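Going by UniProt numbering, the sequence shown opens with residue 1, and the numbers climb by one from there.
Just so you know, not all the hints are guaranteed correct.
Stated by the list, open to error - Calculated pairs, DSS-like style, for lysine-lysine (alpha carbon to alpha carbon, straight line, at most 25 Å):
1. K11 x K28
2. K11 x K32
3. K11 x K26
To be clear, the hints were calculated from the coordinates, so they are not data collected in a lab. A quick note: this is a predicted structure, and the numbers were derived from the prediction, not measured.
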Amino acid sequence: ANRNAVNEWEKFELIPTGELYTYALKAKSNGKYVSFEPNGRVVADRTSIGAWEKFILYNGGDNRIYVLQALSNGRYISASGGRELTATSYVAGSWERFVIVYF
Numbered sequence: 001a002n003r004n005a006v007n008e009w010e011k012f013e014l015i016p017t018g019e020l021y022t023y024a025l026k027a028k029s030n031g032k033y034v035s036f037e038p039n040g041r042v043v044a045d046r047t048s049i050g051a052w053e054k055f056i057l058y059n060g061g062d063n064r065i066y067v068l069q070a071l072s073n074g075r076y077i078s079a080s081g082g083r084e085l086t087a088t089s090y091v092a093g094s095w096e097r098f099v100i101v102y103f
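Between the sequences and the hints, there should be enough to build the whole structure, so can you do that?
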């Protein structure tokens, strides 16, 4: 969450998992799934969707703002301080709100 423009590294495919409000992300840059590890690390290095790759997608207040909650540890995905994404937040504040842009 530290780029000024959207390039291949910032593009993901939103994949429904078949469970209510539950999704996975597939990175456009390498074709791998994003994993939300229990320690909070977020990395796109998985070849299939398992428990650590799933998150719940919540509407964050309007139709453009969303909040993501990792199923692996129950914490919210955060871009705190404009740094890399982590799954470490216990509350969904301003750093845990994202806009989905379609390409």
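Sort out which numbered hints this structure fails and list those numbers smallest first.
-> Failing hints: none at all.
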